[in-house]
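A.B. asks: Here's the letter readout for the chains.
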Amino acid sequence: MPLLEIQNLHATVGDKEILKGINLVIKPGQVHAIMGPNGSGKSTLSYILAGRDGYDVTKGEVLFDGKDLLSMPADERACAGLFLGFQYPVEIPGVATMTFLKTALNAVRAYRGDDPLDAMQFLNYVRERAMVLNVTDDMLRRALNVGFSGGEKKRNEILQMAVLEPRLAVLDETDSGLDIDALKIVAEGVNAMRTPERGMLVITHYQRLLNYIEPDHVHVLAQGRILQSGGKELALELEKNGYGDITGAEAA
Amino acid sequence: MAATSETVEQVQTLADDGYKHGFVTDIEMETAPKGLSEDTVRFISAKKNEPEWLLEWRLTAYRHWLTMPEPTWSKVSFPPIDYQDSYYFAAPKSDKDKPKSLDEIDPKLLETYEKLGIPLLEQEMLAGVAVDAVFDSVSVATTYKKKLEEVGVIFGSISDAIQTHPELIRKYLGSVVPYGDNKHAALNSAVFTDGSFVYIPKGVRCPMELSTYFRINAENTGQFERTLIIADEGSYVSYLEGCTAPQRDENQLHAAVVELVTLDDAEIKYSTVQNWYPGDEEGRGGIYNFVTKRGLCQGRNSKIAWTQVETGSAITWKYPSCILKGDNSIGEFYSVAITNNMQQADTGTKMIHIGKNTRSTIVSKGISAGRADQSYRGLVKILAGAEGARNHTQCDSLLIGDQCGAHTVPYIECANPTASVEHEATTAKINDDQLFYCQQRGLNEEEAVSLIVNGFCKDVMKTLPMEFAVEAQKLIGISLEGSVG
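First to last, the protein sequences are chains A and B.
Just so we're aligned, residue 1 is where the first sequence starts under our numbering, counting upward by one.
Just so we're aligned, residue 1001 is where the second sequence starts under our numbering, counting upward by one.
One should not assume that every hint holds.
Stated by the list, open to error - List of simulated lysine-lysine pairs, DSSO-like, C-alpha gap at most 30 Å:
#	chain 1	residue 1	chain 2	residue 2
1	B	LYS1429	A	LYS153
2	A	LYS232	A	LYS153
3	B	LYS1356	B	LYS1381
4	B	LYS1075	B	LYS1183
5	A	LYS184	A	LYS232
6	A	LYS240	A	LYS27
7	B	LYS1325	B	LYS1381
8	B	LYS1146	B	LYS1047
9	B	LYS1171	B	LYS1047
10	B	LYS1075	B	LYS1171
11	A	LYS184	A	LYS153
12	B	LYS1356	B	LYS1075
13	A	LYS102	B	LYS1462
14	A	LYS27	A	LYS67
15	A	LYS153	B	LYS1474
16	B	LYS1171	B	LYS1381
17	B	LYS1474	A	LYS102
18	B	LYS1429	A	LYS16
19	A	LYS102	B	LYS1458
20	B	LYS1202	B	LYS1047
21	B	LYS1147	A	LYS102
22	B	LYS1146	B	LYS1183
23	B	LYS1458	A	LYS153
24	B	LYS1171	B	LYS1202
25	A	LYS59	A	LYS16
26	B	LYS1381	A	LYS153
27	B	LYS1183	B	LYS1325
What the hints assert, rightly or not - Facing chain B, from chain A, some residues (calculated, C-beta under 7 Å):
#	residue
28	ALA50
29	ASP75
30	GLY150
Simulated from the structure, these hints should not be mistaken for lab results.
Remember, predicted model here, so these are calculated numbers, not experimental data.
Where a beta carbon is used, it is the ideal one built from N, C-alpha and C, also for glycine.
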């Protein structure tokens, strides 16, 4: 059974139709990349998958693990194993990163019917994962994303993914605002999470990220539709020729 | 409620030891006639066997009260109070008038107790169910009194102290909050029925946190409670008042007075969690909580710190204040006030700098949800002699939804050019991005709001004693249930 199945998805924001019939199937173990110019609907797609308010799905459906994803509230989707790595991670003043991670993990564990981890177990659990991503204890003590650099915020997103161990990770422009060293750390963190059971949807504007996270499939999203799909070589072509060829061809 | 559980355990131990409680049942008292008059005041004073000077003081307060107008400057509204339609001295309820069991209690209230994880026995006590005499004041008080007596701390009801330590009462009662301070304080002075009294002797660090719980006879003193705490030179005490569980009371008007005095090098930390019944969603039946709390840092290098978490009452009118008279004395005020549904709160503080190099810190966090209205009202006053005085004020308001209000009304009066006064204020709405972010990580909406609001209040919450802090965190979440979406 596919992990994620998007069928003819149409969606609007206000009066504006942003998605105009998206079809996409992600099987367990696969990494898909969605590329596309600004304003093509990439972030909208990620928000609709995660269940953010303010988007109206007008047609189509999305199955997650065979279940109707769109009827689930956002927190239930997260508990069921859908993770969104945010392009702009949100600051929550006064809430220590550690506290946030623990609250989130225990919420997800409760959904799965597992007992909450106690303070000591949790500390070990987080430190193990934080080390790989070069996230220091100091960062874990600071308020969530408050005063974090761009790189720290993105590493923190990947840490949250590592802590929550989702079935499907949607990473929205995880590479934006990262220098090459930070990009490598983030990519390593993501690659460490690749397993035969887990699926990933990597949304990016640039091919650069895909040098480090090698996708199985690449899709070009423009004007609310997937205009072209292919293997990882498609990303290289786009890098060379830009989106103009594809979107232009569509217009003609 | 860790403190109460502990109390219950201790009391149970006593009961197991064959403690006989028969003697408490014969204290039935008559009730003063309805309404307020000099006779009512005399009746109360006589019932309590008070000395002549105290009766005179009460009567003076009463006469003064008659002449005083209702305070109207605060941003709260309610119909005029009919003072004649109330009892000012009621006998403790006999068991037969009380609910027989929790089955007779509003299920909503029980639900809240459940969420706070309050043991059954405490639920019964809080809901005013007729419970066994294990909760009798005498037994509990003795257990703790023994420990405290060893170090010379006096902790008991103010009625007792009037009998046993009249010299201290006479010296300090009304010395910080004079009867003429405001209409509510005058009423309290005239008709207070009980409250707490604490005296910490010179150089003593009180070995435990004192809680109103240990003074169990508070059951019927709620309406006009009077508390007096004196910390003698070089002493320290931390005092906890209130309870995270919602408390019900049939008396709508509560006008308490709390007076604190610190002598040289002494420190009082006073923490309150106030969760009186706020009324239903339309605000019907809630408590009016009109409190006058003030501390006098009389001695050099002394310190008074107020921390309050205010989540209950239909109307809160409360300004715990510090008079910084001693040189180098320090006043602190940390406040979290949450108003939901139809609640109104006008709360803040006054820091009066008289001595040299006096310092004050104000951190106020107001959260407003539903159709509630909330104001921070604070005065920082630097007198001419307060050389080098410093104040820092931080006032933050958080709005949830679009029908509530938050107002910040700072008053600053500075008569000394060497003083430094800082005021920072922010107002923010709880933000959809934050909510969605939390939900995307698996938190439901209520958990998300609770987490965000607790983060917002962190600077205040961390000043609470541990035992209170954990419960207060839960309480914040519960107080805001249903406020989003």
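A.B. asks: Indicate, hint by hint, whether the structure satisfies it.
C.D. replies: Against the structure, the hints:
no. : hint                     : in the structure
1   : LYS1429(B) to LYS153(A)  : holds (23 Å)
2   : LYS232(A) to LYS153(A)   : holds (27 Å)
3   : LYS1356(B) to LYS1381(B) : holds (13 Å)
4   : LYS1075(B) to LYS1183(B) : holds (17 Å)
5   : LYS184(A) to LYS232(A)   : holds (18 Å)
6   : LYS240(A) to LYS27(A)    : holds (29 Å)
7   : LYS1325(B) to LYS1381(B) : holds (12 Å)
8   : LYS1146(B) to LYS1047(B) : holds (28 Å)
9   : LYS1171(B) to LYS1047(B) : holds (22 Å)
10  : LYS1075(B) to LYS1171(B) : violated (35 Å)
11  : LYS184(A) to LYS153(A)   : holds (15 Å)
12  : LYS1356(B) to LYS1075(B) : violated (34 Å)
13  : LYS102(A) to LYS1462(B)  : holds (19 Å)
14  : LYS27(A) to LYS67(A)     : holds (14 Å)
15  : LYS153(A) to LYS1474(B)  : holds (28 Å)
16  : LYS1171(B) to LYS1381(B) : holds (26 Å)
17  : LYS1474(B) to LYS102(A)  : holds (16 Å)
18  : LYS1429(B) to LYS16(A)   : holds (27 Å)
19  : LYS102(A) to LYS1458(B)  : holds (17 Å)
20  : LYS1202(B) to LYS1047(B) : violated (33 Å)
21  : LYS1147(B) to LYS102(A)  : violated (40 Å)
22  : LYS1146(B) to LYS1183(B) : violated (38 Å)
23  : LYS1458(B) to LYS153(A)  : holds (22 Å)
24  : LYS1171(B) to LYS1202(B) : holds (17 Å)
25  : LYS59(A) to LYS16(A)     : holds (14 Å)
26  : LYS1381(B) to LYS153(A)  : violated (43 Å)
27  : LYS1183(B) to LYS1325(B) : holds (25 Å)
28  : ALA50                    : holds (5 Å)
29  : ASP75                    : holds (4 Å)
30  : GLY150                   : violated (17 Å)
The structure shown violates the earlier hints numbered 10, 12, 20, 21, 22, 26, 30.
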